[in-house]
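*Asks:* Based on these hints, arrange chains H, R and C on the given structure of chain X.
Spelled out, the chains give:
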Amino acid sequence: MADQFAALIIVVPLIASLFVPVFGWWKKKLCYPWVVAVLVIPLISSLSVLNTVMTTGKFSYRLGGWAPPWGIEYMLDHLSAFVLVIVSSISLIVAIYSKKSVEDNLPEKTVPFYTLFLLLVTGLMGIVITGDVFNLFVFLEISALSCYALIAIGEEGAPMATFNYIIIGTIGACFYLLGIGYLYIATGSLNMADLANILPDLYHSKVILVAFAFFTVGLAIKAGLFPLHTWLPDAYCTAPSAVSALIAPLMTKVAAYVMIRLMFTVFQPNFSVNMVPVMPILGWLSVMAIFWGGIKALAQTDLKRMLVYVVVAEVGYIVIGVSVANRMGLTGAILHIMNDAVMMACLFLVVGAILYKTGTREIHQLRHLNKKMPFTMAAFTITALSMCGIPPACGFFSKWYLILGTIEAGQWVWAAALLCSSLINAVLFFRVIECAYLKPMEPAYALNGGETKHEEIQRDEAPLTMLVPIVIMAAGVILLGIFSGKIISSVIQFAVPASF
Amino acid sequence: MDVLYSSRPLWAVLVSMIAAFLILATGEKNRNIRESWTIMAALAKFLIVFSMVPVILQGKVIEYTIVTFYPGLLLQFRIDAFGMLFGVIASSLWIATSFYSIGYVRGLNEHAQTRYFFAFAMCLSSTIGIAFSANLLTFLVFYEILTIATYPLVIHKESKEGIMGGRKYLAYTLTAGCVLLFAIGMIYYMTGTLDFKAGGFMAGSGSSTVLIMLFAMLIFGFGVKAGIMPMHEWLPTAMVAPTPVSALLHAVAVVKAGVFGCLRVILYVFGPGLLHDLGIWLIMAYIASFTIVVAGFLALGQDHLKRRLAFSTINNLAMIVLGAALLTKSSMTGGIIHMANHAFMKITLFFCAGAIHVKMHKDYVSQLDGLGRQMPLTMGAFAIGAIGLSGIPPMSGFISKWFLCLGALEANQIIFLFVFMTSAMLDVAFFFPIIYNSFFKKPMDDVAPHFDEAPMFMVIPLVITALLSIVFGIVPDAFFRFFSLTSLAVQNIMGVG
Amino acid sequence: MKVIALIAVIMTGALLIYGVEDMPGWGDPNSPASSYVSPQYIQEATEKTATPNIVTAVLADYRSYDTMGETVVVFTAAIGCILMLRKKRNGEGG
Amino acid sequence: MLDYVISKYNFWIYIILMMIGLYAMIGKKNLVKKLIGMNVFQSAIILFYVSIGVKAGATVPILSGHGHGHEAIDVASYINPLPHVLMLTAIVVSIATTGIALATLILIYRKYNTLEEDEILKIRKETGA
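Protein chains in written order, with the working numbering: chain X, 1143 to 1642; chain H, 9 to 505; chain R, 3 to 96; chain C, -13 to 115.
Since the hints were derived computationally from the structure, they do not count as laboratory data.
Among these hints, one or two may not hold up.
[Claimed, not checked] Here are the simulated lysine-lysine pairs, DSSO-like style, with alpha carbons at most 30 Å apart:
| hint | chain 1 | residue 1 | chain 2 | residue 2 |
| --- | --- | --- | --- | --- |
| 1 | X | Lys1499 | X | Lys1513 |
| 2 | C | Lys111 | C | Lys97 |
| 3 | X | Lys1499 | C | Lys111 |
| 4 | X | Lys1171 | X | Lys1241 |
| 5 | X | Lys1514 | H | Lys168 |
| 6 | C | Lys19 | C | Lys111 |
| 7 | H | Lys176 | X | Lys1438 |
| 8 | C | Lys15 | R | Lys4 |
| 9 | X | Lys1251 | C | Lys97 |
| 10 | H | Lys450 | H | Lys168 |
| 11 | C | Lys111 | R | Lys50 |
| 12 | H | Lys37 | H | Lys176 |
| 13 | H | Lys205 | X | Lys1499 |
| 14 | X | Lys1628 | H | Lys205 |
| 15 | X | Lys1499 | H | Lys168 |
| 16 | H | Lys337 | H | Lys449 |
| 17 | X | Lys1438 | C | Lys15 |
| 18 | X | Lys1499 | C | Lys97 |
| 19 | X | Lys1242 | C | Lys97 |
| 20 | X | Lys1513 | H | Lys37 |
| 21 | H | Lys165 | H | Lys337 |
| 22 | H | Lys37 | X | Lys1499 |
Note that this is a predicted model, so its numbers are computed, not measured.
Bound conformation, chain X alone (with noise of 0.2 Å):
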């Protein structure tokens, strides 16, 4: 009967899309609820499936009933049932978080954005769940058409750096269906499963060397892995509160996810491994990634475009952990898309409550906030330490794992990589917790009369639909690093593929 949720885990956000403008025709207020509602559904059968799928092991789910190779299958394993409980969770407090960022920014549009809201996690849920190449492709297609269409309603220069988005994320889109096309006219066949019985057979083939080279280009770009970034620290940097929390924490890591999927499960690691030589070019791309995102990080004093470098930054360490090609640098890699999920959900929900509540994203605007905004800060100070690494946040292990991962390959340069990266986010992150916690350093706030030191600062926190989906990821960033030890041994241990 548990398989019956997989199904659902799509269809209710798919059908529930189509009745917003309904809901919004009659009244407008019911799109919220009726969202939030209709999210949790996905999450109550993404957690039953990943029970079942701990319990008693992967399984597939026929649609229409058709035999797989010839009709379509979702396929649940662990790492897909993992990667769906990250995307339903996030979602969800997403969701929730959304409401007064919505009724602020786009009063008008509020049908439409949940519609595509809707659609986005879907198309996001339905990428990570289908065990077909090509359904994958159309479930692509939904998230991305619905993420452009919310980034262009952002603020100043969202539209081009959309239209940017589109081109790029088109180029890539289309090399991922150009790959599907290659396997096909090497297999003859679209699912996974098949596929990755078929294909070691035929590993010599140029076709397939050329199929699997589109792909990896492909998904390089969807997850924004440098250097075929350009797209992403514009368009998610314009986008608005709501919708950046929304795909900056997922639209990487889903692409990341299929990038293990592909990599893994589809060929198998003894070809991508060993008869590709893509291993270390992505391990020096990620190292690159790592660098020049903390660098522009640096540079910004825009709160809100540091943290979109520092998600460029991010891409380079799941992608690090799976080219080190090991199992401690994949576990440490599936661990990431989780806490970095979680950890750039918390931080730009708190930008965004930040943003309503003071109209600035400047980062030397922020004093006082600790004392304006005591709840919101402390949870972004919490992210804060977790991603400079510091225990017992989450961040902390899976820098461990993906530490252990470069020593067992024996890439120095990778590790220093890692451990530079914590420095430079501390420094970035120091920088923002020192404006908003302390005194100005120099007295240039001396027009008030030089009074700064006397004046009260009322308590002025972020509504309580934003206060608590905050509150809830800073615990998760404690949480899960807490119980990262019982999250590995009892699922990431099983995604990561046998033959490592």
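*Replies:* Just chains H, R and C now, with coordinates in the frame of chain X:
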């Protein structure tokens, strides 16, 4: 070795963490309730820690596993004699510091007191975590928490120097944390285990070049907090912090955690045998000696009282490390017991500096003339601490120096004997003028001095710690069983090596 | 920009031409694409789905899930255009 | 050699089309031209897929005569239906993408009154955005 499974170590760590959140929840409005949390937690922590001492002295270890990540990779507490020693020092001195802090922050009407007590409690929590860690990973986890928990204390004043000091502190300690992370990863990769083992577990797990590199990294990582030169720069800068913080930083928690880490690496990760074979013990000893002598001279040049004390701390910590690096039984005993003795004496000195600051708002050595007549208790305690640190009997400092000198002879390294002697003379040189001036010189402002002490909350703790320094000099095993614990730890290490 | 474009294009083209060597020829009935999954569609589809047009059968039955996705894409695009363009028109009108 | 080239002519055509499209997408300054490049690029891929399905001498896969009974169906006489199915989906996707892209172009034009990339960048630099 008998192993006793108990959750007491966990509670010892958690009690102050829980208190920290209670403090945060209580807030600025109910100051008395907030302070009572601190004191209750301090007492509870001490009782929990101390209740385990008899078990340890029977030669057992207490173990508690928090979580397991991978085989050989787990968060675990295991209390042995050495860890116990550190745990007792930290938890007993926290009681003194708690009372003292209350007097200090109220005396000065400091801002952000809630944050201050919160961070303080977190610091102690992680210090005990460090003391009880069973392996390098657990150690690292608590070490990093300690780094962060101390940061709000360092920048407490929020002045320009404070923030700069905080930045420098973070730059040093976070870099060290990264290096440690890498080194520990390497060790796990090479040996598959991270558990501390008396006498070391690294022997034969890699080429000597790799081992030396790892040793250097670990010593760098822990040495930063221990203020070993040339990584000591942050310590004097961090003196802008309020005095109880300096006392905690420089006598109990942070620097001792660094030294504790160094000793763990030398004695429990690499082990005397391996270090002897690799020949790096001598290099280590020279670095420590260099630190001892240079820090002593630098201390002479400081007019700011707390900075002078900071350099004295660097000097003494290096002495502890040198004791361990000499790898003989006596030197180890001396080094380990000096952790305890130095803690009590140095915290007395810092308490005195704080009391003077609160009462007289004087921070410089040159301002202290004639103070002894106005604040006899404070300056008397200061004299006891200073004499003790110079290694003059019957203070406890004498015991540790005696063993250290004995160790230098046992190791057939006369040069280190001279290092200890020089250090003692430098101690005399930079402490005695203070004592002399304060008792025998006339005050600068020519007002007839009358008895006017600092608040009782401050004076009582510092008198008690001063008296304890004398008691430990006469009966080293009194109350806290420091000497028994030390000799047990040394036995464990030498028994294997 | 033009140089980057040219380099990207030439690299892509070279990769594609490299791959062509192992491709089956034009109209080869024995290519894997035509001989593995698809024959069964041609043989069974009419019987199982009662549709003479096999493309329709596959589109609306075997791979109907894809087709659902396809319609959702159109829906997404429509809503997306509404989201992007609607308010501005009101703004101009008023 | 010539046989080789001729036997795979479908691939050469699609490769050339695709390179043209890709060049326009990256290299052109006019945003509409970029969009047209995108369409050419997608059409090239569609062409590629459809050409996979071809079997020499086969006809469209519509079995008007065979609906009933169990007489054997000659697989070789009908072309492969799957690529066509996939491309029906892909065409729709490409149209939808074009639609969204055109909508953003409208937004851009309303804002900057031009669709030349360099002019837009100049305007943005001047306004400091």
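*Asks:* With the threshold set at 30 Å, check whether the alpha-carbon distance from Lys1251 (chain X) to Lys97 (chain C) stays at or below it.
*Replies:* Cα-Cα ~19 Å, so holds.
*Asks:* Is Lys19 (chain C) within 30 Å of Lys111 (chain C), Cα to Cα?
*Replies:* Measuring from Cα to Cα gives roughly 23 Å; hence the hint holds.
*Asks:* Does the structure keep Lys1514 (chain X) and Lys168 (chain H) at a Cα separation of 30 Å or less?
*Replies:* Holds - the C-alpha atoms of Lys168 (chain H) and Lys1514 (chain X) are around 23 Å apart, at most 30 Å.
*Asks:* Would the pair Lys1499 (chain X) and Lys111 (chain C) pass a check requiring their Cα atoms to be no farther apart than 30 Å?
*Replies:* Between Lys1499 (chain X) and Lys111 (chain C) the Cα gap is close to 29 Å, so the pair holds against 30 Å.
*Asks:* Holds or violated: are the alpha carbons of Lys1499 (chain X) and Lys1513 (chain X) at most 30 Å from each other?
*Replies:* Holds, because 13 Å separates the two Cα atoms, which is no more than 30 Å.
*Asks:* Is it true that the CA of Lys205 (chain H) sits at most 30 Å from the CA of Lys1499 (chain X)?
*Replies:* violated, 54 Å
*Asks:* Would the pair Lys337 (chain H) and Lys449 (chain H) pass a check requiring their Cα atoms to be no farther apart than 30 Å?
*Replies:* Violated. Lys337 (chain H) to Lys449 (chain H) sits at ~45 Å, over the 30 Å cutoff.
*Asks:* Decide if the proposed pair is consistent with the structure: Lys1438 (chain X) and Lys15 (chain C), CA atoms, cutoff 30 Å inclusive.
*Replies:* Holds, because 26 Å separates the two Cα atoms, which is no more than 30 Å.
*Asks:* Hey, Lys111 (chain C) versus Lys50 (chain R), does the alpha-carbon distance stay inside 30 Å?
*Replies:* Not OK: Lys111 (chain C) and Lys50 (chain R) at ~63 Å, beyond 30 Å, violated.
*Asks:* Take the C-alpha atoms of Lys37 (chain H) and Lys1499 (chain X), compute the straight-line distance between them, and say whether it is at most 30 Å.
*Replies:* With Cα atoms ~26 Å apart, Lys37 (chain H) and Lys1499 (chain X) stay inside 30 Å; holds.
*Asks:* For Lys37 (chain H) and Lys176 (chain H), compute the direct alpha-carbon distance and say whether it is at most 30 Å.
*Replies:* violated, 33 Å
*Asks:* Taking only the CA atoms, is the gap from Lys1242 (chain X) to Lys97 (chain C) under or equal to 30 Å?
*Replies:* At roughly 27 Å apart (the allowed maximum being 30 Å), Lys97 (chain C) and Lys1242 (chain X) satisfy the hint.
Of the hints listed earlier, those the structure fails to meet are numbers 10, 11, 12, 13, 16 and 21, in rising order.
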